[in-house]
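Undergrad: The residues making up each chain are set out below.
Protein chains: 2
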Amino acid sequence: MTIPLRELEFDLFEVLRPRALEVATVREVLVAAAELARREFAPHAAEADADEPRIVQGKVVLPAATGRALAAHAEAGFLSMGFAPEHGGLGMPFVVSQACSALFAAAHVGSFSYALLTQGAANVIVHFGTDAQRAHYLPPMLAGRWFGTMCLSEPQAGSSLADVRTLAEPHADGTYRIRGQKMWISGGEHELGDNIVHLVLARTPQAPPGVKGLSLFIVPRRRDGRDNGVRLLGLNHKMGWRGHVNTAISFGEEVECAGELVGELHRGLAHMFLLMNEARVGIGLAASALGFAGYRYALNYARERHQGRALETRDPLAPQVPIIRHADVRRMLLSQKAWVEGALDLVLYCATLVDTQAAGDEAAQRNAQALLELLTPVVKSWPSEWCLEANKLAIQVAGGAGYTRDLPLERLYRDNRLNPIHEGAYGIHGLDLLGRKVGLAGGGAYQAYADAVLAALDAARPHEALREFVAALGDALGALTQVTRHLTQTAASGAAPLALANATVYLDAFGTVTIAWRWLARAQVALEAQRTATSAAERDFYAGKLAACRHFFRHDLSRTAAQFELLAGLDDTALTVTDEQF
Amino acid sequence: MTIPLRELEFDLFEVLRPRALEVATVREVLVAAAELARREFAPHAAEADADEPRIVQGKVVLPAATGRALAAHAEAGFLSMGFAPEHGGLGMPFVVSQACSALFAAAHVGSFSYALLTQGAANVIVHFGTDAQRAHYLPPMLAGRWFGTMCLSEPQAGSSLADVRTLAEPHADGTYRIRGQKMWISGGEHELGDNIVHLVLARTPQAPPGVKGLSLFIVPRRRDGRDNGVRLLGLNHKMGWRGHVNTAISFGEEVECAGELVGELHRGLAHMFLLMNEARVGIGLAASALGFAGYRYALNYARERHQGRALETRDPLAPQVPIIRHADVRRMLLSQKAWVEGALDLVLYCATLVDTQAAGDEAAQRNAQALLELLTPVVKSWPSEWCLEANKLAIQVAGGAGYTRDLPLERLYRDNRLNPIHEGAYGIHGLDLLGRKVGLAGGGAYQAYADAVLAALDAARPHEALREFVAALGDALGALTQVTRHLTQTAASGAAPLALANATVYLDAFGTVTIAWRWLARAQVALEAQRTATSAAERDFYAGKLAACRHFFRHDLSRTAAQFELLAGLDDTALTVTDEQF
Chain A
877 MTIPLRELEF DLFEVLRPRA LEVATVREVL VAAAELARRE FAPHAAEADA
927 DEPRIVQGKV VLPAATGRAL AAHAEAGFLS MGFAPEHGGL GMPFVVSQAC
977 SALFAAAHVG SFSYALLTQG AANVIVHFGT DAQRAHYLPP MLAGRWFGTM
1027 CLSEPQAGSS LADVRTLAEP HADGTYRIRG QKMWISGGEH ELGDNIVHLV
1077 LARTPQAPPG VKGLSLFIVP RRRDGRDNGV RLLGLNHKMG WRGHVNTAIS
1127 FGEEVECAGE LVGELHRGLA HMFLLMNEAR VGIGLAASAL GFAGYRYALN
1177 YARERHQGRA LETRDPLAPQ VPIIRHADVR RMLLSQKAWV EGALDLVLYC
1227 ATLVDTQAAG DEAAQRNAQA LLELLTPVVK SWPSEWCLEA NKLAIQVAGG
1277 AGYTRDLPLE RLYRDNRLNP IHEGAYGIHG LDLLGRKVGL AGGGAYQAYA
1327 DAVLAALDAA RPHEALREFV AALGDALGAL TQVTRHLTQT AASGAAPLAL
1377 ANATVYLDAF GTVTIAWRWL ARAQVALEAQ RTATSAAERD FYAGKLAACR
1427 HFFRHDLSRT AAQFELLAGL DDTALTVTDE QF
Chain B
877 MTIPLRELEF DLFEVLRPRA LEVATVREVL VAAAELARRE FAPHAAEADA
927 DEPRIVQGKV VLPAATGRAL AAHAEAGFLS MGFAPEHGGL GMPFVVSQAC
977 SALFAAAHVG SFSYALLTQG AANVIVHFGT DAQRAHYLPP MLAGRWFGTM
1027 CLSEPQAGSS LADVRTLAEP HADGTYRIRG QKMWISGGEH ELGDNIVHLV
1077 LARTPQAPPG VKGLSLFIVP RRRDGRDNGV RLLGLNHKMG WRGHVNTAIS
1127 FGEEVECAGE LVGELHRGLA HMFLLMNEAR VGIGLAASAL GFAGYRYALN
1177 YARERHQGRA LETRDPLAPQ VPIIRHADVR RMLLSQKAWV EGALDLVLYC
1227 ATLVDTQAAG DEAAQRNAQA LLELLTPVVK SWPSEWCLEA NKLAIQVAGG
1277 AGYTRDLPLE RLYRDNRLNP IHEGAYGIHG LDLLGRKVGL AGGGAYQAYA
1327 DAVLAALDAA RPHEALREFV AALGDALGAL TQVTRHLTQT AASGAAPLAL
1377 ANATVYLDAF GTVTIAWRWL ARAQVALEAQ RTATSAAERD FYAGKLAACR
1427 HFFRHDLSRT AAQFELLAGL DDTALTVTDE QF
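Just so you know, the sequences run in chain order A and B. Each residue of the first sequence is one higher than the one before, counting from 877 in the working numbering. Each residue of the second sequence is one higher than the one before, counting from 877 in the working numbering.
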């Protein structure tokens, strides 16, 4: 129940082929990650789900295996692999670190998330911290001794960060006194390491109202070895993702709490968002990994479970067949394959943009940045929605057994239900994409996207076998471009609420076109590789890509026509219905 | 968190208007059911979910509140209300009993299912039992002292009943000795009453192989006050629906187990299936009720929870607004409303067919029977799929809070995930609909369906306000008819596997057209009633129906065009991809 290395290698070495990749090294890294995921993360996933985090004598208790897995993960260098050598990392491309993360998340997303969050917090300090802050915080964090969190939400401010109230008052010693409560804090309190480094969004006195008055502070749980006034208020009891503790915490309510400003005053949200792009690629990654784990488990189950007979078999004494022989089971497996492989490819594609953005030539950097900005809401949201659907179908393949806790499928489904909610709910990303991103750089970001899709169409066009897909994607891109123009013009002419009323539908359609683009690129590579493949297994591998591509175009891309029609018609039902009419 | 009585009354008294209904009586019954659901079922739903059934000293332990609720339910006459007076019932129409069941299922489906199963088992005995069997079993069952089960599946035979192996050997005393194991038995063992009456599908020696050799037996847990050899093998630990115990049990493996034949030898499955239509309406009912409960909770949450501001508000100090003011929240509420109200209407419509089938004039009976046969896979499946989606959106409306167990939404979602699985998985019903039902009576069943839709179109046509819907549904019905003909002809010409390869897609599209038909009928009634409505609340109620109808047509019915195109194209991807290519 994991992501086959062959799949990751196909994506990295055959489809995406980022320039800087040393194939032999990366292959070794992936093998090691898969082995660590199998040995340390997967075995306690069920236990951590059943044995939820709880408070015992004021301390958060987690399964011991969680701590062991994270220690092994840091020890093997996976925690720091993406960081530059001067910060104690291995300087590996982000795309490689993401490919490894996919393996860990597929094995056990709950335990692995502690590492993901620590990487995210360390990354903020790398980018915006002073030399002193880096020297103080990064070594223990990247060694896995200190953990990290992001503290944004508050009880009265979930999606609405303008309403953050936590206060940060300047102190004579140059630090700030932090006071307030934060909600939905993942990894907010536990005993996994020696310290927890909270990154806290707070408001200084006299700061402007709204998000422009927010600054970012480093608030360690213990400071210079002393209690720094961070208190656990309670745990959230979640539907899934239970291996990961989620908390409400307070700062400075009992004991004075000191925070250090990181980055510029009043630029807290901007700083956070710069890193958010990576965090959101990370959500898409987690969603894809959970979907993938479910797909592979269901596939294996369908091959082993015997039940029923072919439609044309009339003899009830004929032996039963593996359920993978039934067309509807195959349809469900194809849908899962098309969604999870397409989603993971998009995640890794976006990871290459993060790498290019940091290290390509200037034009390439600009292009990568524009694409990444545009694709961030998509890579966060589409996998969250459709890999959850994949988990739903994985349960369906296994029937009653899939509904029990004897199989991991229902847990994966419960875990994945979180992804459309955290790091910005689905609807927020729709507004972000349609209300902001497609208009960036005067529409230049959208043009960069359309150019990338057109390049894939051009590359595929010579192949007769891809003709159906080239035509369909060409049409869909045309419709997307047209509807994008129509909606942005409508918004610009003063009817923004009407243009944005179905932004979530737009996001879903945009995502489906995007995954179709990725599938076309994959199908083209597979088609060409198939000709020179030297083993039956390799030929099957590539033929499977073509089948999944076909399935996606016929069953998924075909949905977008009705969505574009709805969007073009400026459906206002959600705006005109009154509160009382529900 | 329940189904408003106004909604049930709208459906029963304004839309469906079955002839035999005494409005005042039915209204009283509904009020009493709502009150009982609120008082006895809803309060322990969370407890029963957290405190799963477990085995203590060989006995299944359930929350005491479950037994109390069921006793009150039987006591008040709801258990027996649908049965004829000569069997101890109230002779209420099935549609009324279903409307009451919707209220109980919305309050707590887990506890209520014990009653549902007992009704189903008693119904089998009413139809196929001897006078002696009726006299012996019905009184304690309908009084709520004895409970019922249906024992079909076995460890090696889930969806594939041809492979049932449980043996029934005739005995000199006229009974049969039952030996075998049954799996996935809901309510298979517990201490709620004095006895459990298992209806067991088993094979007599020398019976023909396959489903044609199966007979049905009444196998009480205790017989004449003595242990009858039924043993609990274990409990299934499920994702949801946890208030209801699900078991593996064995018959006659330790102690001799006697069963009585019910109905004809070798007609067991046919007998079971005759009753299955009602059981499957019952699944659609449970799915709709769970979806409804989630919708109403989310609606209330959206009205009370303040978060964020309108798009056009620039002042971050302006007060936050209830989240129902956000277009995307309204869109999600409209989708839920359209799905759950449409689904519940279809369920109640099918319940009226059950009533007509039993008591109309002969032509009406035949017509109702044909429609019911055809709609059974639809009413079982469409609500199961789309009311689960409704529960998914209900969680999304509440965001992070919806993902926690503090709110009932994640429980409803987990509960509802069972419905596409039990009583025939989704894929099975697709095959039933396309492979069997649409061809029944030489296509007469389909024609009866098309006629019903055409009648609704005719009735709506004079209304200018319904024009958009009349056009769209007319087109969709035309496309459905055409694709149905194409697929049945393809199947008849020897290519059944190809015609049936996407039967699940056909089922989904058929269901969507069906719900659009129901919405059009509802919209027409609402439009006419709106004109004479005397209060603002009533006008809002009807206007809400029109808005939900519009939303359904634009967001849901619009999906079917691509589905029909896929079906017409005889997509064979699932057939041609090989096992090795996944």
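These are computed hints drawn from the structure, not numbers from a lab. This one's a predicted model, so the numbers in the text were calculated from it and none came from an experiment. Be a bit skeptical, because a hint or two may be false.
One copy or two, it doesn't matter: identical chains are merged, so the pair holds either way.
To be verified - With a Cα cut of at most 20 angstroms, we get these calculated SDA-like pairs of lysine to any residue:
#: 1; residue 1: 935; residue 2: 1085
#: 2; residue 1: 935; residue 2: 1124
#: 3; residue 1: 935; residue 2: 900
#: 4; residue 1: 1088; residue 2: 1194
#: 5; residue 1: 1088; residue 2: 1191
#: 6; residue 1: 1088; residue 2: 1190
#: 7; residue 1: 1088; residue 2: 1041
#: 8; residue 1: 1088; residue 2: 1045
Undergrad: Are the hints correct? Go through all of them and say.
TA: Hints, verified against the model:
1. Taking the closest pair of Cα atoms, residue 935 and residue 1085 never come within 20 angstroms of each other, the shortest separation being 36 angstroms inside a single copy and 62 angstroms across copies.
2. For a Cα distance limit of 20 angstroms, the shortest separation of residue 935 from residue 1124 inside one copy, 14 angstroms, qualifies, whereas the shortest one across copies, 40 angstroms, does not.
3. Neither within a single protomer nor between protomers do residue 935 and residue 900 lie at most 20 angstroms apart by alpha-carbon distance, with minima of 45 angstroms and 59 angstroms respectively.
4. Taking the shortest alpha-carbon separations for residue 1088 and residue 1194, only the inter-copy value of 15 angstroms comes in at or below 20 angstroms, while the best intra-copy value is 71 angstroms.
5. Taking the closest pair of Cα atoms, residue 1088 and residue 1191 come within 20 angstroms of each other only across two copies (12 angstroms); inside a single copy the shortest separation is 73 angstroms, beyond that limit.
6. Within a single copy, residue 1088 and residue 1190 get their C-alpha atoms only as close as 72 angstroms, which misses the 20 angstroms cut-off; across copies the closest is 12 angstroms, which meets it.
7. For the homomeric pair residue 1088 and residue 1041, the shortest alpha-carbon distance inside one copy (13 angstroms) is at most 20 angstroms, but the shortest distance between copies (71 angstroms) is not.
8. With identical chains, the CA atoms of residue 1088 and residue 1045 are at most 20 angstroms apart within one copy only, with a shortest distance of 17 angstroms there and 81 angstroms across copies.
Checked against the numbered hints above, the structure breaks hints 1 and 3 and satisfies the rest.
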